[in-house]
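Chain by chain, the residues:
Protein chains: 2
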Amino acid sequence: MLRSNTCGELRIEDVNKTVTLSGWVQKIRDKGGLIWIDLRDRYGITQLLLEEGRSDANVIEKARQLGREFVIQAKGEVIERVSKNPKIPSGEIEIDLAEINILNASKTPPFTIEDETDGGEELRMKYRYLDLRRNPLMKNLALRNRLSIETRKYLDSQSFFEIETPYLIKSTPEGARDFVVPSRMNEGQFYALPQSPQTFKQLLMVAGYDKYYQLVKCFRDEDLRADRQPEFTQIDCEMAFVEQDDILNTFEGLVKYLFKEVKGVDIEKLPHMTYAEAMQKYGSDKPDIRFGMEFVELNELAQGKGFKVFDESELIVGINAEGCGNYSRKQLDKLTDFVRKPQIGARGLVYVKCNEDGSFKSSVDKFFDQEALKIWAEKLNAKAGDLMLVLSGEADKSRKQLNELRLEMGERLGLRDPKNYKPLWVVDFPLLEWDEDSKRFHAMHHPFTSPKTEDIEMLESHPGSVRANAYDLVINGVEIGGGSIRIHDRSLQKQMFTHLGFSEQEAQDQFGFLMNAFEYGAPPHGGIALGFDRLVALFAGQDSIRDFIAFPKNNSGRDVMIDSPSPIADNQLDELGLKVVK
Amino acid sequence: MLRSNTCGELRIEDVNKTVTLSGWVQKIRDKGGLIWIDLRDRYGITQLLLEEGRSDANVIEKARQLGREFVIQAKGEVIERVSKNPKIPSGEIEIDLAEINILNASKTPPFTIEDETDGGEELRMKYRYLDLRRNPLMKNLALRNRLSIETRKYLDSQSFFEIETPYLIKSTPEGARDFVVPSRMNEGQFYALPQSPQTFKQLLMVAGYDKYYQLVKCFRDEDLRADRQPEFTQIDCEMAFVEQDDILNTFEGLVKYLFKEVKGVDIEKLPHMTYAEAMQKYGSDKPDIRFGMEFVELNELAQGKGFKVFDESELIVGINAEGCGNYSRKQLDKLTDFVRKPQIGARGLVYVKCNEDGSFKSSVDKFFDQEALKIWAEKLNAKAGDLMLVLSGEADKSRKQLNELRLEMGERLGLRDPKNYKPLWVVDFPLLEWDEDSKRFHAMHHPFTSPKTEDIEMLESHPGSVRANAYDLVINGVEIGGGSIRIHDRSLQKQMFTHLGFSEQEAQDQFGFLMNAFEYGAPPHGGIALGFDRLVALFAGQDSIRDFIAFPKNNSGRDVMIDSPSPIADNQLDELGLKVVK
Chain A
646 MLRSNTCGEL RIEDVNKTVT LSGWVQKIRD KGGLIWIDLR DRYGITQLLL EEGRSDANVI
706 EKARQLGREF VIQAKGEVIE RVSKNPKIPS GEIEIDLAEI NILNASKTPP FTIEDETDGG
766 EELRMKYRYL DLRRNPLMKN LALRNRLSIE TRKYLDSQSF FEIETPYLIK STPEGARDFV
826 VPSRMNEGQF YALPQSPQTF KQLLMVAGYD KYYQLVKCFR DEDLRADRQP EFTQIDCEMA
886 FVEQDDILNT FEGLVKYLFK EVKGVDIEKL PHMTYAEAMQ KYGSDKPDIR FGMEFVELNE
946 LAQGKGFKVF DESELIVGIN AEGCGNYSRK QLDKLTDFVR KPQIGARGLV YVKCNEDGSF
1006 KSSVDKFFDQ EALKIWAEKL NAKAGDLMLV LSGEADKSRK QLNELRLEMG ERLGLRDPKN
1066 YKPLWVVDFP LLEWDEDSKR FHAMHHPFTS PKTEDIEMLE SHPGSVRANA YDLVINGVEI
1126 GGGSIRIHDR SLQKQMFTHL GFSEQEAQDQ FGFLMNAFEY GAPPHGGIAL GFDRLVALFA
1186 GQDSIRDFIA FPKNNSGRDV MIDSPSPIAD NQLDELGLKV VK
Chain B
646 MLRSNTCGEL RIEDVNKTVT LSGWVQKIRD KGGLIWIDLR DRYGITQLLL EEGRSDANVI
706 EKARQLGREF VIQAKGEVIE RVSKNPKIPS GEIEIDLAEI NILNASKTPP FTIEDETDGG
766 EELRMKYRYL DLRRNPLMKN LALRNRLSIE TRKYLDSQSF FEIETPYLIK STPEGARDFV
826 VPSRMNEGQF YALPQSPQTF KQLLMVAGYD KYYQLVKCFR DEDLRADRQP EFTQIDCEMA
886 FVEQDDILNT FEGLVKYLFK EVKGVDIEKL PHMTYAEAMQ KYGSDKPDIR FGMEFVELNE
946 LAQGKGFKVF DESELIVGIN AEGCGNYSRK QLDKLTDFVR KPQIGARGLV YVKCNEDGSF
1006 KSSVDKFFDQ EALKIWAEKL NAKAGDLMLV LSGEADKSRK QLNELRLEMG ERLGLRDPKN
1066 YKPLWVVDFP LLEWDEDSKR FHAMHHPFTS PKTEDIEMLE SHPGSVRANA YDLVINGVEI
1126 GGGSIRIHDR SLQKQMFTHL GFSEQEAQDQ FGFLMNAFEY GAPPHGGIAL GFDRLVALFA
1186 GQDSIRDFIA FPKNNSGRDV MIDSPSPIAD NQLDELGLKV VK
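In the order they appear, the protein sequences are chains A and B.
So in my numbering, spot 255 of the first sequence is number 900, and the numbers just go up one at a time.
So in my numbering, spot 6 of the second sequence is number 651, and the numbers just go up one at a time.
With the rest of the complex left out, here is chain A (with noise of 0.2 angstroms):
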C-alpha cells in the first residue's frame, strides 16, 4: 500500500509513530517560515508540517510546487499541535513532514472541492469526478452503501433470496414506456429494459422461491420530471403463502430495523390508513403525517347562506392553522397568490382569522356573521389566534389544493422537520382508475393486482369502486414505496386483461407466459418494492435523489461527463439491421 495510515485515522495516542499517508491536497497555508498542507482522503483530512530551517530544504521546496487536488505521498512522524482544532477527529496532532511524493499533479479544478463550492450545476456534472470528491457527496454514497448492506443484512435473517432476474426482457406496451434494445442474432427484434421485475418475481413465487429479493435497477423512458431519472434502483420483494398484513408486518419490521440501524431512531408501530380516508383527511395517498391539520367539510355549515361560490361548489373544505390569526394582509395574499399558481388552480381562498378577542375576521364576513364563524371554528378546532383556510369547487380538485396548501402551512409553521420520521401505510387503493386520454380503465398498480375478494362483484357494474388488495409506504409525504397481493388464477387474470382493454390475443402475446405458469400450482403471492434513491435521500432529510447516484442523467437524459447518448458507427446500425430515420 501507498499509506501506512488513512488520513482520518491518527489521534494523540499516536504521537512519535512514523507514518506514510496518501491523499489530495486540500489547502496550504505557507507563512514563510512554517508551511501547513491540509491532505483529505475518504476517510478525513490530517495537517502536515514543514518549518524552515528545520524540515529538509528539498522536501520545502517541494511542498512550495504543490497546488489544490495534487495527490501525494507524505512520510513523517505523528506530533502533537500546539494549537489544536477540536472541530476534526485527527485536529490534536499533525506530521512533521520527512519526505513528499508527488504521485500525480493536479491542474486547477474548475471548482472549488469544498463542502459548499462555487461550481454551478451544469459544470459539476460535467466534472462529476470532482464533485463526487466533495464531503456531501461523499456522505451521501456511503449512506447509500450502508442502507443497501442493512437492507441485504435484515432480508438474509428473514430467509429472503436475492436472485437476479434478467435485464434484456420484453417490451409490454402496458404502464410506461419501455427502452428497447436491439438483438443482432434475431434481426428486426428487440429486447426491452425492465421497468421492474414484475413478472420474473412473480414467476419465482410459481417456481416455490417463497421469498425472494433483489436491489435491482429499473428502466423508464419517460419524460423526465424533476428528480426522475431513467435508471433508478428498487428494493424488489415477493413472498408467497402470505396475506396483506404478512407483507406489511415484515417490510414494517424492514424499516424498522433500517431507522435503528443507520439512524438510531426508534419507528413506532406504523398506522394503518385507508385511501379513501387519505383523500378525505389529507386530499392526497402520501399524506404528511407528521403534523395534523386534517381536512373539515363545510358544506352543511356554509351552503345555502348566499354566498354563491360556495352554493356551487361539490365541495367546501378547510384547515385550521394553528396560530397565524395574526397573518398580515399581505401575508394573506401570497396564500391566495399560491393556491392561484396554474400549478394549483384554485380559484380563490377563504379565510377566515381568529381573533385573541374572540371575534372573528374573514374574507366572507358579507355572507357569514360572527355566530357562524363560530361554529365553523368549533368543527376546525380553531381557537383564538388561529387562522382558518378554506378552498371550494369541484371535489377531488379542491382536495388536491388544500394539500398543496396544509404543505405549505406545515413548512411555514416548521411542522415538516426532516429529522422527525413518520412512515405510514396507506392500503385499499382503488384497483382501476378511469384515463381521461384513453376513455378506458387502467389499472391503479399493475394489471397483475388482485381486486379484494368482497368486490369482485362490483368489477362490472362499478370498475371505479373496486378496491385492491394494493397498498403503499409513505414516509413524511413521500411514497416509498408500494405493492399488492397478486392474482394467482389465471382466470382472475383474463378477466382482469380484458377490463384493462386488452383483447384475448394481446394479453396471450404479452403475458401468456405468466398466466399458462397460473396453471401449474402458482401459489397465493404478493409483493413490495421500494425506491431505493429516494430512500436514501430520505434518510438523509433530503428531497432531490440525484445527489445520491453517482453518475445521474441530467433531465435530457443524457450523461454529460461521458457525453452519452451518442451516434454509433454506421457498421453497428448495418449489423443491427436498423436505419436512422432523419
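Misleading hints may appear alongside valid ones.
Copies of the same chain are indistinguishable here, so a pair counts whether it falls within one copy or spans any two.
Keeping only pairs whose Cα atoms sit at most 20 angstroms apart, straight-line, the calculated SDA-like set for lysine to any residue is [claimed, not checked]:
no.	residue 1	residue 2
1	K1024	K1042
2	K862	N790
3	K856	N790
4	K1006	T981
5	K798	E906
6	K720	E888
7	K1024	L1183
8	K856	A787
9	K1097	N749
10	K720	D701
11	K856	M646
12	K856	G653
13	K979	G949
14	K986	A1040
15	K729	E654
16	K979	P818
17	K798	L899
18	K931	D1188
By construction, these hints were calculated from the structure, which means they are not laboratory data.
For chain A, the structure is supplied; the task is to place chain B on it using the hints.
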C-alpha cells in the same frame, strides 16, 4: 401467513403440535386404507397421512382429487411415523391430516419435478418456472445467494463501498460488441449497455473512493458459444493507493474467506506463476495445478537423430502420464485420435511406454534406441509403468495441443477432483497481443492496463514483449477473473491509445473524459473483476453456468419462456426515429 411451519422444519420434538403447512404435492400414494402425501416447499418435504375410518371422509375425498404440483394448505397434528425415513430430516414424523385446502390446482407438468428429470433442455427452458422447482436448481440459487452475501460481507469488512454505476453508458468500438439502446429524447443517438463498469470505477478512484466494489450485470453482444450468456454478473472491484501485491492479497483474502465460510475448506497461500512459466509448463494461461504432469521440452535430446518430424519442429514437448505404461494399442490410438481432432489439430502423437522390466516401447523405436529413451525418461521423471506422451511442431500450437492432452490425461487418471480446489495467480501477462485479422496489436487485457515500468522502453521496439501489471485468478483450470494496475497518467494513456491504433481524435472522442480526469489528481489504482456466474458454478463443482442463473438465455440469445426478443410496435420505432431494414 398461510402456514405455521415450513415443510422442512418439523422434527420428533414437535410431536403433538397442531400445524399448518403449505406447499406443492410431490407424490401421493393411495393404498386404499391409507393415503400418504409428500408435501414440498423450498425448505423440504413433510409427509401427510390420511387413514380411512379414522380421518375425516371429506378430507380423504379431497385428497383423492389432488394431482402432482397442486398447491395445498394442510392442517393437522404432528405424529411419530411408524416406519421412519432416515434419508430426509423430517423423516421421523408425519402429519395426521385434519384439513386440506386446495390453494391452486395444477395441470400435469410437462416433465417430472425430480432431482433427475425426464424433461429435455428446450422444454425445461420454456417452463423454467417448473424446472426451477427441482432441488438441484434450488440448491444452485441458494448457493448463489450465499456467495453474494458472503462476498459483500468480506468486502464490507475491508471498508469497500458498493457503488452503483450506470447501465446506460456510451458505445465504444474497442473490445467486444456492445448492446445499444436507442434514445428517444436524443433521436438518432444511442446509449450502450456496459461490458464492464471499467471507466466508471476508474473515475471513482479519481473521485477518491479508494475501495469500490459492485456485484453488477455486464453485457456482451457476442456470438454465443456454449456457456456464454449475453448478460452475466461480475464482482467488480477497484482500489487506489495500491501496488499489484496489495490487490492480490486483498482478493486472495476474499477467495479464502469464501471457501472457508461457504464450503468449510481451508485454502493455502495462492502461488504466483508468471504467464511465461504457465505457458511453458502447462501450455495454458489458466493451468490446472491440481496435478503435476508438467511439460518437459525435448529439443536437445530428440533433434538430429534422423526423425524428420522432430527435426523440422520448433518445439518437441512431452508429459509423463504416471501408471499408464500398460495402455493398449487401442487406448493409444484413441489418444492419437484425441489430439488429431480438428479443434486440437495435432498431426500425430509420439508415445513411449516405460515397461515394468526397465525397457521402453515407443512409436519412434526406429529413430531412438533404448539408451536414448532412457534419457528422455530421466528428463521426464518417468519410471517403470509410466507413459511418456510427446507432441511436436510450432511452439505455441504444440503447447496448446499438449495442454489439451494433459487435461484429458488428468481427467482419465482422476486427478481433477472437483472437490479439490487449487487456486493460483497468473501474473505478468503481456500488455499487447498481435491480431492477425486486423494486423495490429490489441490490448490483451484492456487499453487502461499499465505496462511494467521496466518494460516501457520496449513499447516502440518490441511491443509484443512488454509485460503488463496484469493478473488472473485461476482455479482448477478455470479463469475466474482478472485485473490490472491501471494507467493513471494522461500522457502514458495517450501513448497506449496510439499504440492500439487510435487516432488522437478517436481517443479523445471515446475516452476524453477519462484522460481529462487524469489531469485532476488521479491516484495510482488498480482492480479486478471476477466472473460471479462461473465462481458459483465452480463452488458447486460444475462446468456449466446456465443452471446457476435463474432465467438464462439459450444459445441464440433468446429467452424461450417469455419469447424474447420480439418485434416492437411501429409507433415505438417511430418515436425512436428508427426503421427496421429487411
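Outcome of the hint check:
1. For the homomeric pair K1024 and K1042, neither the shortest alpha-carbon distance inside one copy (22 angstroms) nor that between copies (93 angstroms) is at most 20 angstroms.
2. Both within a single protomer and between protomers do K862 and N790 lie at most 20 angstroms apart by alpha-carbon distance, with minima of 15 angstroms and 18 angstroms respectively.
3. When the C-alpha separation of K856 and N790 is checked against a cutoff of 20 angstroms, the pair qualifies only between copies, where the shortest distance is 12 angstroms, while the shortest distance within a copy is 23 angstroms.
4. For a Cα distance limit of 20 angstroms, the shortest separation of K1006 from T981 inside one copy, 16 angstroms, qualifies, whereas the shortest one across copies, 107 angstroms, does not.
5. In this homomeric assembly, K798 and E906 come within 20 angstroms of each other (Cα to Cα) both inside a single copy, at 11 angstroms, and across copies, at 16 angstroms.
6. Proximity of K720 and E888 under a CA criterion of 20 angstroms is satisfied inter-copy only: 17 angstroms between copies versus 62 angstroms inside one chain copy.
7. In the homo-oligomer, the alpha carbons of K1024 and L1183 never lie at most 20 angstroms apart, since the shortest distance is 35 angstroms inside one protomer and 71 angstroms across protomers.
8. Taking the closest pair of Cα atoms, K856 and A787 come within 20 angstroms of each other only across two copies (12 angstroms); inside a single copy the shortest separation is 28 angstroms, beyond that limit.
9. Proximity of K1097 to N749 under the C-alpha cut-off of 20 angstroms is restricted to the inter-copy arrangement: shortest distance 18 angstroms between copies versus 64 angstroms within a copy.
10. In the homo-oligomer, the alpha carbons of K720 and D701 lie at most 20 angstroms apart inside one protomer (12 angstroms), although the nearest pairing across protomers, at 83 angstroms, exceeds that limit.
11. Proximity of K856 and M646 under a CA criterion of 20 angstroms is satisfied inter-copy only: 12 angstroms between copies versus 42 angstroms inside one chain copy.
12. Taking identical chains as interchangeable, the C-alpha atoms of K856 and G653 lie at most 20 angstroms apart only when they sit on different chains, with a minimum of 15 angstroms there against 41 angstroms within one chain.
13. Taking the shortest Cα distances, K979 and G949 never come within 20 angstroms of each other, neither inside one copy (29 angstroms) nor across copies (104 angstroms).
14. Taking CA atoms no more than 20 angstroms apart as the test, K986 paired with A1040 passes inside one copy only; the shortest distance there is 18 angstroms, against 81 angstroms between copies.
15. In this assembly of identical chains, K729 and E654 lie within 20 angstroms of each other by CA distance solely inside one copy; the values are 16 angstroms within and 61 angstroms between copies.
16. Taking identical chains as interchangeable, the C-alpha atoms of K979 and P818 are never at most 20 angstroms apart, the minima being 44 angstroms within one chain and 57 angstroms between chains.
17. In this assembly of identical chains, K798 and L899 lie within 20 angstroms of each other by CA distance both inside one copy and across copies; the values are 10 angstroms within and 19 angstroms between.
18. Taking the closest pair of Cα atoms, K931 and D1188 come within 20 angstroms of each other only inside a single copy of the chain (15 angstroms); across copies the shortest separation is 50 angstroms, beyond that limit.
Checked against the numbered hints above, the structure violates hints 1, 7, 13, 16; every other hint is satisfied.
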